[in-house]
Each structure stands twice: as C-alpha cells, then as structure tokens.
Amino acid sequence: MDTFIQQLVNGITLGSVYAIVALGYTMVYGIIQLINFAHGDVVMIGAMVAYSVIAVLAGSGMALPPLAILAIATLCAVPVCMAVGYTLERVAYRPLRNAPRLAPLITAIGLSIILQNVALIIWSRNPLAYPQIVETVTYRLTPNPDGATITNVQVGIVGLSILMMAGLLLLVYRTKLGIAMRAVAQNPQVAGLMGIDINRVISMTFMIGAALASVAGVMDGSYYGIAHYQMGFLLGLKAFSAAVLGGIGNLGGAMLGGLLMGIIEALGAGYVGELTNLCHLSGWSDALAQRCANDPHLAVFGSNYQDVFAFVVLILVLVFRPSGLLGERVSDRA
Amino acid sequence: MRSYLDVRGRPALAWVGVALVAAALVALPWVLAGIGTAWVRITNLAILYCFLALGLNIVVGFAGLLDLGYIAFYGVGAYVYALLASPHFGIHLPFWAILPLGAALACVFGVLLGTPTLKLRGDYLAIVTLGFGEIVRIFLNNLSSPFNLTNGPQGITLIDPFRIGDFSFATTQQVLGNTLSSPIKYYYFLLAVLLVVIVVNLRLQNSRIGRAWEAIREDEIAARAMGINTRNMKLLAFAMGASFGGVAGGMFSAMQGFISPESFVLVESIMVLSMVVLGGMGNVFGVVIGALLLSYVPEVLRYTVGPAQKAVFGRTLIDPEVFRMLLFGLALVLMMLFRPAGILPSAVRKRELQRRTDGG
Numbered sequence: 000m001d002t003f004i005q006q007l008v009n010g011i012t013l014g015s016v017y018a019i020v021a022l023g024y025t026m027v028y029g030i031i032q033l034i035n036f037a038h039g040d041v042v043m044i045g046a047m048v049a050y051s052v053i054a055v056l057a058g059s060g061m062a063l064p065p066l067a068i069l070a071i072a073t074l075c076a077v078p079v080c081m082a083v084g085y086t087l088e089r090v091a092y093r094p095l096r097n098a099p100r101l102a103p104l105i106t107a108i109g110l111s112i113i114l115q116n117v118a119l120i121i122w123s124r125n126p127l128a129y130p131q132i133v134e135t136v137t138y139r140l141t142p143n144p145d146g147a148t149i150t151n152v153q154v155g156i157v158g159l160s161i162l163m164m165a166g167l168l169l170l171v172y173r174t175k176l177g178i179a180m181r182a183v184a185q186n187p188q189v190a191g192l193m194g195i196d197i198n199r200v201i202s203m204t205f206m207i208g209a210a211l212a213s214v215a216g217v218m219d220g221s222y223y224g225i226a227h228y229q230m231g232f233l234l235g236l237k238a239f240s241a242a243v244l245g246g247i248g249n250l251g252g253a254m255l256g257g258l259l260m261g262i263i264e265a266l267g268a269g270y271v272g273e274l275t276n277l278c279h280l281s282g283w284s285d286a287l288a289q290r291c292a293n294d295p296h297l298a299v300f301g302s303n304y305q306d307v308f309a310f311v312v313l314i315l316v317l318v319f320r321p322s323g324l325l326g327e328r329v330s331d332r333a
Numbered sequence: 000m001r002s003y004l005d006v007r008g009r010p011a012l013a014w015v016g017v018a019l020v021a022a023a024l025v026a027l028p029w030v031l032a033g034i035g036t037a038w039v040r041i042t043n044l045a046i047l048y049c050f051l052a053l054g055l056n057i058v059v060g061f062a063g064l065l066d067l068g069y070i071a072f073y074g075v076g077a078y079v080y081a082l083l084a085s086p087h088f089g090i091h092l093p094f095w096a097i098l099p100l101g102a103a104l105a106c107v108f109g110v111l112l113g114t115p116t117l118k119l120r121g122d123y124l125a126i127v128t129l130g131f132g133e134i135v136r137i138f139l140n141n142l143s144s145p146f147n148l149t150n151g152p153q154g155i156t157l158i159d160p161f162r163i164g165d166f167s168f169a170t171t172q173q174v175l176g177n178t179l180s181s182p183i184k185y186y187y188f189l190l191a192v193l194l195v196v197i198v199v200n201l202r203l204q205n206s207r208i209g210r211a212w213e214a215i216r217e218d219e220i221a222a223r224a225m226g227i228n229t230r231n232m233k234l235l236a237f238a239m240g241a242s243f244g245g246v247a248g249g250m251f252s253a254m255q256g257f258i259s260p261e262s263f264v265l266v267e268s269i270m271v272l273s274m275v276v277l278g279g280m281g282n283v284f285g286v287v288i289g290a291l292l293l294s295y296v297p298e299v300l301r302y303t304v305g306p307a308q309k310a311v312f313g314r315t316l317i318d319p320e321v322f323r324m325l326l327f328g329l330a331l332v333l334m335m336l337f338r339p340a341g342i343l344p345s346a347v348r349k350r351e352l353q354r355r356t357d358g359g
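Line by line, the protein sequences are chains A and B. For the first sequence, numbering that gives the first Met the number 0 begins at 0 and goes up steadily by one. For the second sequence, numbering that gives the first Met the number 0 begins at 0 and goes up steadily by one.
A hint or two may mislead.
Selected chain A positions facing chain B (Cβ under 10 angstroms, derived; list incomplete) [as the list claims (entries may be wrong)]: (1) P103; (2) L104; (3) L114; (4) I120; (5) R124; (6) F232; (7) L236; (8) D306; (9) A309; (10) P321.
Hints were generated in silico from the structure; no laboratory data involved. For every residue, glycine included, the Cβ atom is placed at its ideal position computed from N, Cα and C.
Turn these sequences into a full structure, and let the hints guide you.
Right under this line is the structure:
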C-alpha cells in the first residue's frame, strides 16, 4: 500500500508537469489543427534559461531567499520562451498556414533541431545539475516510518500547476482574448469577418502555450534536478500523448490526460518489474528456479521501460478512442 | 521544354550518356581511394543512405504518410543480420539467406506499425511513428535481460562480412593486377543493388500500386471512392518501405562489423527524412541526390569547419557535428518555406504544392 501511495504521489507530480505542457499542445491544436512539434524544446529552453539565472543569482552573493531566486528565474524564462513561441509561429506556421500539412510539420522539426543545437552550443552537451536552492522538506504520508512521503517541491509543483490551469481557464472563458481564441478555433474565416485579428490571436496562443511550457521546464528541472538540451523531446512526446489521451483541442482533456499519464507512468514503472517477474513461474522450470535463487528480480520488463508506457497509451487511445477521453474532435482531420 | 538531358528521339546520345555515367561509376572508387580509403567508405555509407531514403520515399513521397520512426526498420534489419551472423549466438548463416529474413521481419514490423495508424494522417501519424521508433530503440537497449538477445547498449561485435564461397568482402586481394580493397568490393556490390532498387522504385511509381498510393496521398476519400483498397495499399507502403530499410540495415551490419542501439536514434530518422524532403518527395532521382548531398556535406564540413574555425578564431567554437545539425535544421526550414517541392520536385507534388499555396 505504501508503494502504491508513493507512486501515486510521484505520478500526480509528474502528471501536473505533463498537463501544463499538454495544454500548450492542445491550445495550438485547437486553434490551427496542427501539432507544434517544437513545443517540447520550448520547455527545454525555459528550463535552461532559468538554470542560468539561478546560477548567476545564487553565485552573486546576494542574500535572496531561495523562493525569490526561483521566482525571478521563472519570470526571466517566461518572456524568453514567449519570444521563442512567437518566432516559431512566425517562421514555421504562419507562412505555411495554407500549405499541405506536411510542410509546417517539417519546418517545425527543423526548428526543433535548431533550438536543440543552439541550446547545446550555449549550455554544453552535458546534463546540467539543476541547483537545488530550495531545501527539500519531506513529509510523511503514512504512519509507517519508511512509508510514502511527499516533499515540499512536489507540493509546490502540484499547487502551481493548479493555479496556472485555473488562470488559463479564466483567460479562455472570461476575457475578450479568450472569446477571440475560441472564435478562431471554431471558424477562423468567420472570426476574421467579425473583426478579430486572427494572426494576433494565433500568435497569442503560441505565446501563452510557451509561457506555460517555460514554467513546466523550471518545474521539471527542479523536480529531477537535471536539465539537458534534449530533455524536451521525451517530455514533449509524453505531454502530447497526454493531450491525445484527454482529447486534443480540449483544455480539460489536456489536464485530465496529463494527470492520468503521469499516474500511469509512475504506477507502471513501480509495478511492471514485479508483474513481469519470471520468478513467479519458478515452480514451472528448474532452470528458472536456479536463476531466481541468484537474482530474485528476474523481470522481463524492468523500470527501464518507463518511457515506453506513454507511447503504448498513445497507440491504444488512437486505436480504441481516437477522439480521446473528453474530446469531440476526430484525429483523422488530416 | 526540351533540355540537354532530354534524349527522346536521340537513342545514340542516350547510350553515350549511359556509357559515360557507367564508366564514371566504375572508376569512382579508384579515384576516391587515391584521395583516401575513408572516402570509399563514406561513399558506401552514402549509398546505404540512398537505400534508406528511397525506402522512406515510398512511405512519405509516394503514399504521403509521414513516418518519423523509419530508422527502427533499419535497426531491425541490422540486428537480424547481426544475430544470425556473429559469435553472439554462434550462428553464421550466409548473407543471401539473412537479408531476405531481415527484410521480412522489418516488413512485419512495418505492418505492425501500420495497422494501428491506418486511420491517422499527417501530424498524428508522425508522432505515433516517432514513438514507435523510440520503443524499438528502448527495446534494443534493454533486451539484454533476462535473456540476452541484443546485448544491450554494448551492441554486437565481430559481425560476419559478406562472403560468397571463398570470396570474402572483408579482405584485400589482387584481381588482374589491381589491389581490390574491402570498401571497393562493397562499393560495387552496393552500386549493383542500388541500381536494382532505383529501377524497382521507378517501375513501382508508375505501376498500378504507385498510382494508387498517389491517389491516396492526394485525397484518401476520393481514392476509396474510386475503388482503391486504401487499407491494404497503406499497409503495403509501410511494408515495402520497411523492407527496404531492413535490407539496408543488414548491409550496414555486415559493412561495419559492429552495431549498437546508438546507430538507430531519432536523429537518424530525421536525417533520412531530410534527404527525402531536400531531394524532392516522390521523385526517385531527387531523393538519391538528396541522400548523396546530405551524406557528403557533413563529411566535407568535418574537414573544413573545424580547421576553418581554428584558423579564424584560434579554437573550435562550434563542433562540426553541431554545425551539421544546425545546417540540417536550417535546410528543412528554408526548403519548406522557399522550395517545398525539393531540389528535383516530382511533377505531381509540384503541381499540388503550388495549387495549395496559391489557392489556400
């Protein structure tokens, strides 16, 4: 039971990060029906910029409280990522809005490569150890002394994610910009006739998504304590899978999908080794029993298959419910 | 428009041209060997990339299905060869038996990937195939326990070279007074296969199947209404593209003598895709040009960018490898923005792209 609660806590933390990134995918998809392939790299840029800011502030000798440093770093990363998001839209998507769908996808892949390699040049090809400026405090969740725990970093990540999601929902459903976004998503031509500046709305959508992504980058970096120029690739893929799981184009779906994806991954990684442990079958074969005597954890799939779960979920969703859990949009709108 | 290359009605000229090209291709390795044997090896790898690009062209160019996990099939083919012709299991089958096996298994994987993605198009398909490529790589990396199938990240070593009877492709020997080195032998073998593959592709393109793919690419619903079995045709595209990759993988294994999951990463898939896009999706010769270009340019860069930076700045600011990737990214973006149909556009593609960008 302790393992289960622990993995659930880890999964929810991870899932909040996925949900924030997935929102970026889903917003862009909702409005122009395209997948922003370079979104994961925007997350990476956010993590990297914040890393540099933290390193400078922590090394400057100013006696700032750790939370303030983190906040300043995030506030520096957000505009950089928004600029990157804006550039992505201007370079990769706007000129090709009416081109066949392959074209913007390939430009986005190209930009993703460029972003990664620019990051490699600026921040080196080695993984960077994220400065752990916030002192980790661990709270016990169960009475058992080595039972499930939750850290203040995890609480912070989940709390911040909830705040950001609430903010986004307010923005989309309670502001003029939100109305314009929803109108463009429904029908760009008619929205344009109603006096909405479509280009501006699409740019804003990319920038909001990028802002969310940068915060997610900081959260991911602080949680795992590591940042790498390719970190955006897997994170982006999983977040995209989460968006599809929830129903792409649907904000609530992205949040639900992200959370579920995090939980599936954490539980999967926690249990797959035990579930596929060949030693359960020791009674069937002497050779197996002998090997299990040496190595009781003789699993077919260990936790090193963690990264596979997201893809398996993605493929299963696309086969059995292509519109996702909450979505009405159908995935073959090619 | 009649160009110098248009030899219709001038058969003599055509044959002279063919003879000249053939002579150049036969002489090429000797010229390159004069510069350095490394260049013959680079040429061999370039030909392998031609295979890959042509295989991916079937999926992306002909059928219009964007596949970002193509390198997985290359990996499958390479591992099939490596496992059946190396001391890893102590099995040493001849290459002409393994290559078809590798192609068949890659083909099965192609269908496996194709089946769940039949309904998807465009960007969704891209992400799913990308995920598939990653899954295969993760498996190759981890299938060393509980049963050591792939030897994990260490990869498989001492893979047998091609051998026909006593004639081994791995040794240097004297033929008619000339020293025939291993890369040169492989070169002629690969060249022969490449010619066959090109002919197959050209014939395929104008066949009933090729036209069906084109119809699916242009408008899937209309294609189905015309009586094309879109499901089978798409699966066939995946299967054929995959088997080309499988064969190329087997040859890669034999040539290198060592493989590891490192060779089958996403960057490679993107590189092959860049070749197809750069050369011109759907145009066989364009794709070959794209593959050759993107295989040679990085090598040339390796010899020029590093020294040039040293000369100008006194140290290496940008690693040639990084520079290469930056160029790739830039090339993809610029191609799509300014010449979306590629260097040598396929006629239909060109028409389509033009219409779509003009009309909206």
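task: Sort out which numbered hints this structure fails and list those numbers smallest first.
output: No numbers; nothing is violated.
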